[in-house]
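Peer 1: The lines below spell out each chain.
There are 2 protein chains.
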Amino acid sequence: MGERNVIKAALLGAGTVGSGVYALAEMLKDEMFQKTGASLEIKKVLVRNTKKDRPGIPKEIMTDNWQEILEDEEIQLVIELMGGVEPARTYIVQALEAGKQVVTANKDVLAEHGQEILSLAENSGCDIQFEAAVAGAIPIIRPLKQSLAGSMLTEIMGIVNGTTNYILTKMSEEGMDYKEALAKATELGYAEADPTADVEGYDAGRKIAIMSSLAFNSKVTFSDVYMEGITKITSDDIRYAKEFGYVIKLLGVTKLVDGKIEVKVHPMLIPEQHPLATVRDSFNAVFVHGEACDDAMFMGRGAGKMPTASAVMGDIIIVMRNIVHDNCGWNGGVAYKNYPVKPIEETRSRYFLRLQVADKPGALANIAGVLGNNDVSIAQVVQKRARDGVAELVVITDSVLERHFNDALMIVKGMSVLREVSGIIRVYGD
Amino acid sequence: MGERNVIKAALLGAGTVGSGVYALAEMLKDEMFQKTGASLEIKKVLVRNTKKDRPGIPKEIMTDNWQEILEDEEIQLVIELMGGVEPARTYIVQALEAGKQVVTANKDVLAEHGQEILSLAENSGCDIQFEAAVAGAIPIIRPLKQSLAGSMLTEIMGIVNGTTNYILTKMSEEGMDYKEALAKATELGYAEADPTADVEGYDAGRKIAIMSSLAFNSKVTFSDVYMEGITKITSDDIRYAKEFGYVIKLLGVTKLVDGKIEVKVHPMLIPEQHPLATVRDSFNAVFVHGEACDDAMFMGRGAGKMPTASAVMGDIIIVMRNIVHDNCGWNGGVAYKNYPVKPIEETRSRYFLRLQVADKPGALANIAGVLGNNDVSIAQVVQKRARDGVAELVVITDSVLERHFNDALMIVKGMSVLREVSGIIRVYGD
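Chains as they are written, first to last, in the numbering used here: chain E, 1 to 430; chain C, 1 to 430.
Just so you know, the hints here were simulated from the structure itself, not pulled from any lab data.
All values derive from a computational prediction rather than experimental measurement.
Be aware that a few hints might be false.
Stated by the list, open to error - With a straight-line Cα cutoff of 30 Å, these simulated DSS-like cross-link-like pairs (lysine-lysine) come out: (1) E:K305 with C:K260; (2) E:K260 with C:K305; (3) E:K337 with C:K29; (4) E:K337 with C:K305; (5) C:K260 with E:K29; (6) E:K219 with C:K145.
As the list claims (entries may be wrong) - Far from chain E by the CB rule (all over 10 Å, computed), these chain C residues: (7) S19; (8) K52; (9) D64; (10) G84; (11) R89; (12) E174; (13) G175; (14) G189; (15) G259; (16) N373; (17) I378; (18) V381; (19) V395; (20) E402; (21) K413; (22) Y428.
What the hints assert, rightly or not - Quick partial rundown of chain E residues pointing at chain C, CB under 10 Å, derived from the structure: (23) E131; (24) A137; (25) I140; (26) P143; (27) S151; (28) M152; (29) R280; (30) P307; (31) A311; (32) R321; (33) H325; (34) W330.
Yeah, the Cβ is synthetic: ideal placement off N, Cα and C, and Gly gets one too.
Using the sequences and the hints, build the whole thing.
Peer 2: Rendered as structure tokens:
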């Protein structure tokens, strides 16, 4: 094995995923050579604190100096696992400009600057691989760009945040309330100290932006995504959903409807029989529909040290083969369409609406009348026995333009029979 | 767009999938150019009868003469959709030897001659793509070779035959017996006039052989696969399985255990909570487990005109890009390991065993004793009320070496209390 068969790489970040990748690269030395015809040498590891002990990673290869990596012409491959937009974006851009191949798991950078980075990689003739950025160990980025390229995709629905799926599973299966389930998720290390990005849907928003862009070959960024989190979901909502035969999941949804893209994250009631309904705990899943391929779903570990590292390793192996075969830079995924993104008001949804109303004759008829007069047609309704003069009314609507639904809701909120709007959640289906 | 940007192809076969691919290639003309920088021209379509009318395909491009295609130097890509081993295998080999790229959906050829064809493609510097050969529209071939390449895969379990999954779903959900469900499948066109290849597990056997080879990078062919079909499954088996919390599915299973490969197709009781249990009707799904990636599952349409055509189209787009970028021949998947395949007797399983026994005191104790003396330990047992002096005994065993189970069964069969062995089905789990 000659000198030319060693590919030298730098790892940016030695946290959970970074140390997993380092360990996996050691374990798979022989496999990688068999698959690519080359060996990988991780020559440098960029860390903030070079003094800190990182088990398994030799001290002498650690550096806190990015320039040292950027200027090292022996380093052909940069594996970026720092997370966050800056300085990761700058490092990725500089690496590509310097002709280095890039593997990254950074959804933040890709959701905001994905198309610029893909174009830069194309112009530089460099690989940019990012299978781990969405749904961890689940192969979804490459299938969207390759195997499904002839499928005429029209819709993606994804459970792409494990923390919130874990919380909703605990609420649904063990009757926990939101706070209790969040505490449990924090205790197990699924939720971070500040869980905002997960529970408000921002993390899922980044992932659905990336998938939307690749599925529809059109630029979609994080700022295009409408987002609603799970903080308002109560155990009552979950209980009523169950009565109607639904489970509640936080979904990233993107659709191509009449040449316009819808892209959003929100909780949704999905039928118990739907494949996504069976995705429990911290598992992720991505459901796709195409005119040619029909329905397909991909399920697996969306996070975690070794699952995420395994996806990064798949990317590394591909880049190594491309280096050996002198074939880097054909990444695909650069947008060649220019679909507009619909404002949320112009999208359609079915709705689950839970109301507390005065227990008076005609209250239901009044509310149903107001909804009907505003183009909100009722598909199912349940009224529960009154307590303390207040009755609980749960309505599932047919598909309605969000704008119309909001108008109707405004009027309902002004009605004298209304005591409280306790829950508003979108429902699967047209 | 100059002359060099038209890629000329030949389609071998114009049946259901072939006509779907032709139609999709027309529909996606613009998409394909955007994605690859080239246009596709299907210059020839090989059919047995050139007189037969095939809606959508012009008569003048049909030929019944393979040599005409093989010798046409303009044709760079051969899309083989005839099925069956010969003459498809010969055509694929000759096309590769002539330096033509090949896309095929032919599981028969790949399950028997996959490694020879992959090696030939590598030596010829040609592409061989076959995403549609296993599980139709579900991307699984390319993920096994690429995204999951760093996942340390140890096990695959697949529902990879839609016909049998449809039959078992009807038996399970509508209480049909096997014959009735088969008749329904035939009526709907899911089952062929001769359903042997489906119901005996041969079709699934071909697909699991292909996946096993790719997952473990070792040569596994159709003849290595142990196969049992679904013809002996009764509605009683399904009912008892349900009582124990299981559903019955026909699975292709392959495992890498202590450096040896297990590869088999048989019905299996799987827990209702397992993701594979929720895969209904004619849907396919492939469940994989790896030491690094943990569990993952891929679900979708395993057959049908447009779903299969969409997978073929994904392959065509990849080959076109490779032609444009002068980068054909890096297929991966050539076996570099040489794991032996275990004989079925040396594999381990849990078992569901349904017996009719004489309704005499001590019958259960007798049988339990014989099982125990032969290393078959009982995990669960149900004895049903006797009718006409015969009691039904249903046992689920712990994991046992197949050889030991067979020995025990032989002795049980010779016992005077035994009236009939009514069902023997393997059970999920270790």
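Peer 1: For each hint, tell me whether it holds in the structure or not.
Peer 2: We went through each hint and held it up to the structure:
Taking the CA atoms of K305 (chain E) and K260 (chain C), the gap is about 28 Å. The hint holds against a cut of 30 Å. A hinted pair counts as satisfied when its Cα atoms are at most 30 Å apart, and K260 (chain E) with K305 (chain C) qualifies at roughly 28 Å. Of the pairs offered as hints, the one joining K337 (chain E) and K29 (chain C) holds, with about 15 Å between alpha carbons and a cut-off of 30 Å not exceeded. The suggested pairing of K337 (chain E) with K305 (chain C) holds, with an alpha-carbon distance near 27 Å, which does not exceed 30 Å.
For a cut-off of 30 Å, the pair hint linking K260 (chain C) to K29 (chain E) stands: about 21 Å separates their Cα positions. For the hint linking K219 (chain E) to K145 (chain C), the alpha-carbon distance of about 29 Å falls within 30 Å, and the restraint holds. The Cβ of S19 (chain C) sits about 13 Å from the closest Cβ of chain E, beyond the 10 Å cut-off, so the non-interface label holds. For K52 (chain C), the shortest C-beta to C-beta distance to chain E comes to about 25 Å, beyond the 10 Å cut-off, and the non-interface label holds.
Non-interface call for D64 (chain C) relative to chain E: holds, since the shortest CB-CB distance, roughly 28 Å, exceeds 10 Å. Listed as outside the interface, G84 (chain C) is consistent with that label: its C-beta sits roughly 24 Å from the nearest C-beta of chain E, beyond the 10 Å cut-off. Distance check for R89 (chain C) against chain E: the nearest CB is about 24 Å away, which clears 10 Å, and the non-interface claim stands. With 10 Å as the threshold on Cβ separation, the claim that E174 (chain C) sits away from chain E holds: the shortest Cβ distance comes to roughly 15 Å.
Distance check on G175 (chain C): its Cβ is at least 18 Å (rounded) from any Cβ of chain E, clearing the 10 Å threshold; non-interface status holds. Against the 10 Å criterion, G189 (chain C) stays outside the reach of chain E, whose nearest CB is about 16 Å from its own CB. The beta carbon of G259 (chain C) is kept farther than 10 Å from every beta carbon of chain E, the shortest such distance being approximately 14 Å. Non-interface call for N373 (chain C) relative to chain E: holds, since the shortest CB-CB distance, roughly 41 Å, exceeds 10 Å.
Non-interface status of I378 (chain C) relative to chain E is upheld: no Cβ of that chain comes within 10 Å, the nearest being about 30 Å off. The beta carbon of V381 (chain C) sits about 29 Å from the closest Cβ of chain E, which is more than 10 Å, so the claim that it is off the interface holds. Every Cβ of chain E is farther than 10 Å from the Cβ of V395 (chain C); the closest lies at roughly 29 Å, confirming the non-interface assignment. Chain E leaves E402 (chain C) outside its interface by the beta-carbon criterion, the shortest separation being 30 Å against a cut-off of 10 Å.
The claim that K413 (chain C) is not at the interface with chain E holds, since no C-beta of that chain comes within 10 Å of its own (minimum 40 Å). Annotated as non-interface, Y428 (chain C) keeps its C-beta farther than 10 Å from every C-beta of chain E; the closest such distance is 16 Å. Against a cut-off of 10 Å between C-beta atoms, the interface hint on E131 (chain E) holds, since the closest Cβ of chain C lies about 5 Å away. Among the interface hints, the one on A137 (chain E) holds; its C-beta lies about 4 Å from the nearest C-beta in chain C, closer than the 10 Å criterion.
Because the smallest distance between the Cβ of I140 (chain E) and any Cβ of chain C comes to about 9 Å, under 10 Å, the interface hint for this residue holds. The beta carbon of P143 (chain E) comes within 4 Å of a beta carbon in chain C, closer than 10 Å, and the hint placing it at the interface holds. Interface hint status for S151 (chain E): upheld, as the beta-carbon distance to the closest one in chain C is roughly 4 Å, under 10 Å. Nearest Cβ of chain C to the Cβ of M152 (chain E): about 7 Å, under the 10 Å cut. The hint holds.
With a least beta-carbon distance of about 8 Å to chain C, the hint placing R280 (chain E) at the interface is held under the 10 Å criterion. Taking 10 Å as the C-beta cut-off, the interface hint given for P307 (chain E) holds, the closest approach to chain C being about 5 Å. Annotation: interface hint on A311 (chain E) holds; nearest CB of chain C at approximately 7 Å, less than 10 Å. With a cut of 10 Å, the hint placing R321 (chain E) at the interface with chain C holds, because the nearest CB-to-CB distance is about 6 Å.
Evaluation of the H325 (chain E) hint against chain C yields a held restraint, the C-beta minimum of about 5 Å falling below 10 Å. Checking W330 (chain E) against chain C: minimum C-beta separation of about 5 Å stays under 10 Å; hint holds.
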